[in-house]
Amino acid sequence: MQNEIAKSAGEIPVSEAVRYNESLHQDTTAKLFLVSSITYFFIVGIVALMIAAKFVWPELLGTVQYLTYGRLRPLHVNGMLFGWLLAADMGLMYYVVPRLCGVKLWSEKLGIATAALWNFIILGAVVSTIMGWNQGWEYAELPMFLDVLVVVAWIMFGANIFMTVAIRKYTQMYVTIWYCLGTILWTAFVYLTGNFAALFATGVNQANLNWMYVHNAVGLIFTPVGLAIAYYFIPKTSNSPLHSHKLSMIGFWSLAFVYVWTGAHHMLHGPISQWLQTIAIVFSVMLLVPVWAVVYNFFATMRGQWDQMRDNVPLKFLMTGVIFYLLTCFQGPMHSLRSVNAIVSKTDWIPGHAHMAVLGAFSFFAIAGCYYVVPKIFRRNLFSDSLANWSFWLFLIGGVGFFVTLWLGGFWQGWQWNNPAIPFIDTVVALKPVWIVRFFSGIFMFGGIVAFAYNILATMLGSSGNESSKMAAATA
Amino acid sequence: MRDYSYPSVYFAYFYFVLLLVGAIFFFLRSVRHGYWGKDSEEAKYRMLKDDDEDSYEDLRRPL
Amino acid sequence: MLRKADYSAPIFVAAALFMFFVGGLLTTVVPPIVDKSWARPFDNSDPAKGVTGKLQPYTEQQLKGRNVYVREGCWYCHTQQTRTLLADTKRSGWRGVDAPVSTPDEFVYDSPHLFGTKRTGPDLSRVGGKYDEQWHRAHFRNPRDLVPGSIMPPYPWIADNEEEFQAVVAYLQTLGRAKNWRPDNDYER
Numbered sequence: 001m002q003n004e005i006a007k008s009a010g011e012i013p014v015s016e017a018v019r020y021n022e023s024l025h026q027d028t029t030a031k032l033f034l035v036s037s038i039t040y041f042f043i044v045g046i047v048a049l050m051i052a053a054k055f056v057w058p059e060l061l062g063t064v065q066y067l068t069y070g071r072l073r074p075l076h077v078n079g080m081l082f083g084w085l086l087a088a089d090m091g092l093m094y095y096v097v098p099r100l101c102g103v104k105l106w107s108e109k110l111g112i113a114t115a116a117l118w119n120f121i122i123l124g125a126v127v128s129t130i131m132g133w134n135q136g137w138e139y140a141e142l143p144m145f146l147d148v149l150v151v152v153a154w155i156m157f158g159a160n161i162f163m164t165v166a167i168r169k170y171t172q173m174y175v176t177i178w179y180c181l182g183t184i185l186w187t188a189f190v191y192l193t194g195n196f197a198a199l200f201a202t203g204v205n206q207a208n209l210n211w212m213y214v215h216n217a218v219g220l221i222f223t224p225v226g227l228a229i230a231y232y233f234i235p236k237t238s239n240s241p242l243h244s245h246k247l248s249m250i251g252f253w254s255l256a257f258v259y260v261w262t263g264a265h266h267m268l269h270g271p272i273s274q275w276l277q278t279i280a281i282v283f284s285v286m287l288l289v290p291v292w293a294v295v296y297n298f299f300a301t302m303r304g305q306w307d308q309m310r311d312n313v314p315l316k317f318l319m320t321g322v323i324f325y326l327l328t329c330f331q332g333p334m335h336s337l338r339s340v341n342a343i344v345s346k347t348d349w350i351p352g353h354a355h356m357a358v359l360g361a362f363s364f365f366a367i368a369g370c371y372y373v374v375p376k377i378f379r380r381n382l383f384s385d386s387l388a389n390w391s392f393w394l395f396l397i398g399g400v401g402f403f404v405t406l407w408l409g410g411f412w413q414g415w416q417w418n419n420p421a422i423p424f425i426d427t428v429v430a431l432k433p434v435w436i437v438r439f440f441s442g443i444f445m446f447g448g449i450v451a452f453a454y455n456i457l458a459t460m461l462g463s464s465g466n467e468s469s470k471m472a473a474a475t476a
Numbered sequence: 001m002r003d004y005s006y007p008s009v010y011f012a013y014f015y016f017v018l019l020l021v022g023a024i025f026f027f028l029r030s031v032r033h034g035y036w037g038k039d040s041e042e043a044k045y046r047m048l049k050d051d052d053e054d055s056y057e058d059l060r061r062p063l
Numbered sequence: 001m002l003r004k005a006d007y008s009a010p011i012f013v014a015a016a017l018f019m020f021f022v023g024g025l026l027t028t029v030v031p032p033i034v035d036k037s038w039a040r041p042f043d044n045s046d047p048a049k050g051v052t053g054k055l056q057p058y059t060e061q062q063l064k065g066r067n068v069y070v071r072e073g074c075w076y077c078h079t080q081q082t083r084t085l086l087a088d089t090k091r092s093g094w095r096g097v098d099a100p101v102s103t104p105d106e107f108v109y110d111s112p113h114l115f116g117t118k119r120t121g122p123d124l125s126r127v128g129g130k131y132d133e134q135w136h137r138a139h140f141r142n143p144r145d146l147v148p149g150s151i152m153p154p155y156p157w158i159a160d161n162e163e164e165f166q167a168v169v170a171y172l173q174t175l176g177r178a179k180n181w182r183p184d185n186d187y188e189r
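Protein chains in written order, with our numbering: chain A, 1 to 476; chain B, 1 to 63; chain C, 1 to 189.
Keep in mind that the hints were calculated from the coordinates and are not lab data. The reader is advised that the hints may include incorrect statements.
Pulled a few chain B residues facing chain A out of the computed Cβ check, cut under 7 Å [stated by the list, open to error]:
#1 Asp3
#2 Ser5
#3 Phe27
#4 Leu48
Label-pair ranges, simulated between beta-carbon atoms [unchecked claim]:
#5 Lys169(A) to Ile11(C): 16 to 24 Å
#6 Ala188(A) to Gln61(C): 37 to 45 Å
#7 Ile167(A) to Ala39(C): 27 to 35 Å
#8 Ile397(A) to Val34(C): 28 to 36 Å
#9 Met309(A) to Leu48(B): 48 to 56 Å
#10 Ala421(A) to Tyr10(B): 37 to 45 Å
#11 Pro156(C) to Val127(A): 22 to 30 Å
#12 Leu63(C) to Trp415(A): 51 to 59 Å
In silico lysine-lysine, DSS-like type, Cα no more than 27 Å apart, as pairs [said to hold, decoys possible]:
#13 Lys432(A) to Lys49(B)
#14 Lys49(B) to Lys104(A)
#15 Lys31(A) to Lys104(A)
#16 Lys376(A) to Lys169(A)
#17 Lys432(A) to Lys38(B)
#18 Lys64(C) to Lys130(C)
#19 Lys376(A) to Lys109(A)
#20 Lys36(C) to Lys49(C)
#21 Lys38(B) to Lys31(A)
#22 Lys54(C) to Lys64(C)
#23 Lys31(A) to Lys376(A)
#24 Lys118(C) to Lys64(C)
#25 Lys109(A) to Lys38(B)
#26 Lys36(C) to Lys432(A)
#27 Lys64(C) to Lys90(C)
#28 Lys31(A) to Lys246(A)
#29 Lys38(B) to Lys376(A)
#30 Lys432(A) to Lys49(C)
#31 Lys432(A) to Lys376(A)
#32 Lys376(A) to Lys104(A)
#33 Lys64(C) to Lys49(C)
#34 Lys104(A) to Lys169(A)
#35 Lys169(A) to Lys38(B)
#36 Lys49(C) to Lys90(C)
Predicted, not measured: the structure shown is a model, and the values here were computed from it. Glycine included, every Cβ here is placed at the ideal spot set by N, Cα and C.
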């Protein structure tokens, strides 16, 4: 690619060529991360469908030891969280951070090594979850040697990003950089707590550490890196400046302050000290502050720009993601209240809530990022805008179908549980219609994944017709 | 098991007050230092331009 | 300060870590120090103080069964906590006797902890002693034979592997038995 630019540029001296953004950034790491994450999105999407089907047809593949629910669920969770979402987020950070700093990525070689290691970890995760090498902690199922590799890969990622920030040209850091740095720092400690510190505790104490990790895996890993992406791509795709830099600061620092306290709300009414539950509730309600600060900023950015939602597919994903983020983070504080928790806790409401956060909000952000970034780094036009639009509607219909039925179903289930006169098995049978709708919603979402992955793949492998015309425009 | 619910709630209130005081303090100080002007919002305009080749060079600031 | 966090990466890092560690340490390190009952095994021989009983460490066989339970991901669908909700104490109860709520001192020997976050199947915190070996064997072979409408997967490879099966049943029979809460209604008597 570099050679082609030089050739087409002809007599233009090197210093001149360096001025072009295209030649400043190599983006190999970003490409590798994005390609592999989208592949895992597709593969783990199949697993997701199998799990949803097992709720409706419990005998399905039931006699194959390696394909039971207990093996596929950790594969689904780890595959989606670390194989798809975190890898896609990292890939986007490798694209975004150098651009915001105005310099090349510190070390492209280190980035490529990180991508290779990350892929090794994910493949190891697939094997270990299917084999049942399960540590027994939610979100931290992977065996110890993979945990160690994750830490190594994270240090490699962090070093690369931090060094890029350290050599930046623009001194003032845009919000996206804060969130990215915050993610790297907090993830390191959150991950160590959940996967290593928990080894030295037992019982409730261990559960407390585990839930500090589980909650902050979402709150201090996927939330900040997802918001980093939204803060970059909402202004970029709509070509309108962010509403307020300073408001984003309030959102960031209150998130940094509030999130880490809330782990114990996973054990409300459970065998853990009441005072710790109370603290977790108080801080969970405080979460409304960072969320509303962030969401207001995004909506205010779009003021007067909403008409762009008609045909700007990345922006559709982004703003729908913002709405899902708002809803998720309204649910969160509300069902950490003891009275609400007594109904919804441990019901199917919970997967509805979790999927809206991780799929509805953060995956939508990452998908939008991919749609924006992939044509740029491969220097081609997107393969098909209408297919992209189709993927959006498939995700949206599938997603809303999934979330809404699980909330209603979960609430209903919770009411039934609270009436001890109803035998437990009746509450299982009663939920069958809900699980059928969930399965068909899953088919829609999987259709969205297929449309998205195919579109990206076709863009990467697409004809070079657009490329030459864009090159010509750039050199003219 | 002793119950620490009330102490923990009072602690949370105390913490929020601390946070609020800190926020007001830093807000006033930043106003006094002139941070509250247009300059501090510069980052959000610049990030829109980093793909724009023509103005790319001009927007770079010295370290 | 605001400007510094905006312009200086080192100050930013220090502030972000400070925010994190205040909450992080106070919610993870402090609670077990304040609440000793998290680490003290349940032991009560005085009926005046409530339910009597003593928490026993797991035997080797029970631990083996527990590992199978972890491996197969049973804990994704079965919680192990009788919460402070009336309905939970009734659902965990047996033949008209309400179960006591779970307390931290009953789980001191648990690692990994198996409290669970999702209750697709019934809670198992007080299941020990309720069903005998024969019931469990039939249930592992095909849950729907015993509980029509159940969506639990069949586990023939556990039912057919005598060693694993005995271990899992041995583990299941320990659940919730630290507290002697139903002296007269056990199948074992």
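Going down the list of hints, with the structure as the test:
1. Because the closest C-beta pair between Asp3(B) and chain A is about 6 Å apart, less than 7 Å, the hint holds.
2. Residue-level restraint check for Ser5(B) holds (minimum Cβ-Cβ distance to chain A is 5 Å; threshold 7 Å).
3. Interface restraint check: Phe27(B) against chain A, minimum CB-CB distance 10 Å, threshold 7 Å, status violated.
4. With a least beta-carbon distance of about 6 Å to chain A, the hint placing Leu48(B) at the interface is held under the 7 Å criterion.
5. Between Lys169(A) and Ile11(C) the Cβ separation comes to about 19 Å, which falls inside the hinted range of 16 to 24 Å.
6. Between Ala188(A) and Gln61(C) the CB atoms are about 39 Å apart, so this pair conforms to the stated range of 37 to 45 Å.
7. Checked against the hint of 27 to 35 Å, the C-beta distance between Ile167(A) and Ala39(C) comes to roughly 48 Å, which is inconsistent with it.
8. Checking the proposed 28 to 36 Å range against Ile397(A) and Val34(C) shows it is violated: the Cβ atoms sit about 49 Å from each other.
9. The hint said 48 to 56 Å for the Cβ distance between Met309(A) and Leu48(B), and at roughly 19 Å that hint is violated.
10. Checked against the given bound of 37 to 45 Å, the beta carbons of Ala421(A) and Tyr10(B), roughly 41 Å apart, stay inside it.
11. Separation of Pro156(C) from Val127(A) is about 23 Å and conforms to the stated range, judged on CB atoms against 22 to 30 Å.
12. At about 38 Å, the CB distance of Leu63(C) to Trp415(A) disagrees with the hint of 51 to 59 Å.
13. Restraint check: the Cα-Cα separation between Lys432(A) and Lys49(B) comes to about 53 Å, which exceeds 27 Å; the hinted pair is violated.
14. Among the hinted pairs, Lys49(B) with Lys104(A) is consistent with the structure: their alpha-carbon atoms are about 16 Å apart, no more than 27 Å.
15. Taking the CA atoms of Lys31(A) and Lys104(A), the gap is near 15 Å; set against the 27 Å cutoff, the hint holds.
16. The straight-line distance between the Cα atoms of Lys376(A) and Lys169(A) is roughly 22 Å, inside the 27 Å bound, and the hint therefore holds.
17. The straight-line distance between the Cα atoms of Lys432(A) and Lys38(B) is roughly 58 Å, outside the 27 Å bound, and the hint therefore fails.
18. Under the criterion of a C-alpha separation no larger than 27 Å, the hint pairing Lys64(C) with Lys130(C) is consistent with the structure, at around 21 Å.
19. For the proposed pair Lys376(A) and Lys109(A), the alpha carbon gap of about 21 Å is at most 27 Å, so the pair holds.
20. Taking the CA atoms of Lys36(C) and Lys49(C), the gap is near 18 Å; set against the 27 Å cutoff, the hint holds.
21. Restraint check for Lys38(B) and Lys31(A): not satisfied, since their Cα atoms lie roughly 37 Å apart, outside the 27 Å limit.
22. Among the hinted pairs, Lys54(C) with Lys64(C) is consistent with the structure: their alpha-carbon atoms are about 22 Å apart, no more than 27 Å.
23. At most 27 Å may separate the alpha-carbon atoms for a hinted pair to count; Lys31(A) and Lys376(A) meet this at roughly 11 Å.
24. Between Lys118(C) and Lys64(C) the alpha-carbon distance is near 24 Å, which keeps this suggested pair within the 27 Å criterion.
25. Among the hinted pairs, Lys109(A) with Lys38(B) is inconsistent with the structure: their alpha-carbon atoms are about 39 Å apart, more than 27 Å.
26. A distance of roughly 44 Å separates the Cα atoms of Lys36(C) and Lys432(A); the hinted pair therefore is violated under the 27 Å criterion.
27. Annotation: proposed proximity of Lys64(C) to Lys90(C) is violated, straight-line Cα distance about 30 Å (limit 27 Å).
28. Restraint check for Lys31(A) and Lys246(A): not satisfied, since their Cα atoms lie roughly 32 Å apart, outside the 27 Å limit.
29. About 31 Å separates the Cα atoms of Lys38(B) and Lys376(A), which puts this hinted pair outside 27 Å; it is violated.
30. With a CA separation close to 44 Å, the supplied pair Lys432(A) and Lys49(C) exceeds the 27 Å bound.
31. Distance check on the hinted pair: Lys432(A) and Lys376(A) sit about 45 Å apart at the alpha-carbon level, beyond 27 Å; violated.
32. Restraint check for Lys376(A) and Lys104(A): satisfied, since their Cα atoms lie roughly 16 Å apart, inside the 27 Å limit.
33. For the suggested pair Lys64(C) and Lys49(C), the alpha carbons sit about 34 Å apart, so the restraint of at most 27 Å is broken.
34. As the CA atoms of Lys104(A) and Lys169(A) are separated by approximately 10 Å, the hinted pair is consistent with the 27 Å bound.
35. Pair hint Lys169(A) plus Lys38(B) holds up; C-alpha atoms about 20 Å apart against a cutoff of 27 Å.
36. Between Lys49(C) and Lys90(C), the direct Cα distance comes to roughly 21 Å. Compliance with the 27 Å bound is thereby established for this hinted pair.
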